[in-house]
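Asks: Position chain B relative to chain A; hints supplied.
There are 2 protein chains.
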Amino acid sequence: MRQFIVLGHEAATDPEFTLKDLPGSAGRLDVLCRCINAAFFLSHDLRRDVRLYLVLQDSYTVRLEGEELQYLNPDEWSTASLLKKALQKKEVNDASEELRSTPGIYIAERGFADVLESVDGTVIQLHEEGDPASQVSAPDDPVFVLSDHQDFTEAESELLAARHAQRASMGPKRLHANHAIVVAHNFLDTNGYQRY
Amino acid sequence: MRQFIVLGHEAATDPEFTLKDLPGSAGRLDVLCRCINAAFFLSHDLRRDVRLYLVLQDSYTVRLEGEELQYLNPDEWSTASLLKKALQKKEVNDASEELRSTPGIYIAERGFADVLESVDGTVIQLHEEGDPASQVSAPDDPVFVLSDHQDFTEAESELLAARHAQRASMGPKRLHANHAIVVAHNFLDTNGYQRY
Chain A
1 MRQFIVLGHE
11 AATDPEFTLK
21 DLPGSAGRLD
31 VLCRCINAAF
41 FLSHDLRRDV
51 RLYLVLQDSY
61 TVRLEGEELQ
71 YLNPDEWSTA
81 SLLKKALQKK
91 EVNDASEELR
101 STPGIYIAER
111 GFADVLESVD
121 GTVIQLHEEG
131 DPASQVSAPD
141 DPVFVLSDHQ
151 DFTEAESELL
161 AARHAQRASM
171 GPKRLHANHA
181 IVVAHNFLDT
191 NGYQRY
Chain B
1 MRQFIVLGHE
11 AATDPEFTLK
21 DLPGSAGRLD
31 VLCRCINAAF
41 FLSHDLRRDV
51 RLYLVLQDSY
61 TVRLEGEELQ
71 YLNPDEWSTA
81 SLLKKALQKK
91 EVNDASEELR
101 STPGIYIAER
111 GFADVLESVD
121 GTVIQLHEEG
131 DPASQVSAPD
141 DPVFVLSDHQ
151 DFTEAESELL
161 AARHAQRASM
171 GPKRLHANHA
181 IVVAHNFLDT
191 NGYQRY
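Protein chains in written order, with my numbering: chain A, 1 to 196; chain B, 1 to 196.
Here chain A stands alone, though its shape is the one from the complex:
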């Protein structure tokens, strides 16, 4: 299984945002929608062996399970609608235990430290200053951690260091998080560029 954790530093935790202004009042929720697109979509198919965590302001986490996902479309508007539904769910229910919003989408009151502690696998921080991907051996159970449009905070970097996360760069250019996810998938699809 491939897992991704994306840190949304300003992402809305209140469902009252407008779908027309994802980059503004929704706190760059557009970035997270594009990460969902990159993590799950293949042409006329979904990647079922993927789990994605979206950490919103280090307070709530949306978990998306490829195996169970339904109603997901590639566009930002409808993807943001699903996130809005998840946020509405936690407004009316106690999210200290994880809640199911729509099939394959869950929300809980938990931050990055809690998510990182709970995941099994080899943690790889995607970072422009990391080792080139071609020099990193592709683990069977990667957990890629990415930041949104902002840099990792010091606290996040410390948590990753404590987990002995390797830093990998997906190329010599600084990429948007969703583009880094696409390249990471391709890197694994092609067995680290070697065999394909």
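Incorrect hints may have been included.
Heads up, the list lumps identical chains together, so a pair's fine if it works in one copy or across two of them.
As the list claims (entries may be wrong) - Straight-line alpha carbon distances no greater than 16 Å define the calculated EDC-like cross-link-like pairs of lysine to aspartate or glutamate that follow:
| no. | residue 1 | residue 2 |
| --- | --- | --- |
| 1 | K173 | D45 |
| 2 | K84 | D45 |
| 3 | K173 | D49 |
| 4 | K173 | D189 |
| 5 | K173 | E129 |
In short, the hints are calculated from the structure, not lab data.
All of these numbers come straight from a predicted model, not from anything done at the bench.
Replies: Positioned in the frame of chain A, the structure of chain B alone reads:
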């Protein structure tokens, strides 16, 4: 320079579409917006050495010039607004000659055959049945041709064959057009995976 031609088989040519329904009444204009995002965006930067042609229903073509682009943001809503502006421009002006809409965005009444004939460079058709990218030498002046959510038509394939386009696949999985653009950029950024 890197050039991309994306064929939008159903994409709106009438500006009266609603931004709320890009996948529906706008004819999968969401696909083309994501291709724009993939072609131009780097983290906190734009790829200036890129030209992108969006061929709409083989009748109108929007040309985007990285060197000149302004007002482009990564989200689909605002990107679609720029395309709407370009379509409005051709409603009130004669588009038999190319018209400038906003900085770096042009529109003209021209189809794929005309665009393909006008471009200089080595044409590469991105296609899931093509040769693996790692077996394709990266040209200095690639012109990647991609189809939207639909397959290439027979007429399009014939035009590409007449241009002696090589077929390349960006991996063993069938990718969305925007994901294929991301991987193609990464392929070139990393010199065909060899040196990075």
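Asks: Against this structure, judge whether each hint is valid.
Replies: Hint-by-hint comparison with the structure:
1. K173 with D45: For K173 and D45, only the inter-copy Cα distance (10 Å) is at most 16 Å; the intra-copy one is 29 Å.
2. K84 with D45: neither (24 Å within a copy, 29 Å between copies)
3. K173 with D49: between (28 Å within a copy, 14 Å between copies)
4. K173 with D189: Cα proximity of K173 and D189: across copies only (7 Å, versus 21 Å in one copy).
5. K173 with E129: Within one copy only: 10 Å inside, 28 Å across.
The structure fails to meet hint 2 from the earlier list, while all remaining hints are met.
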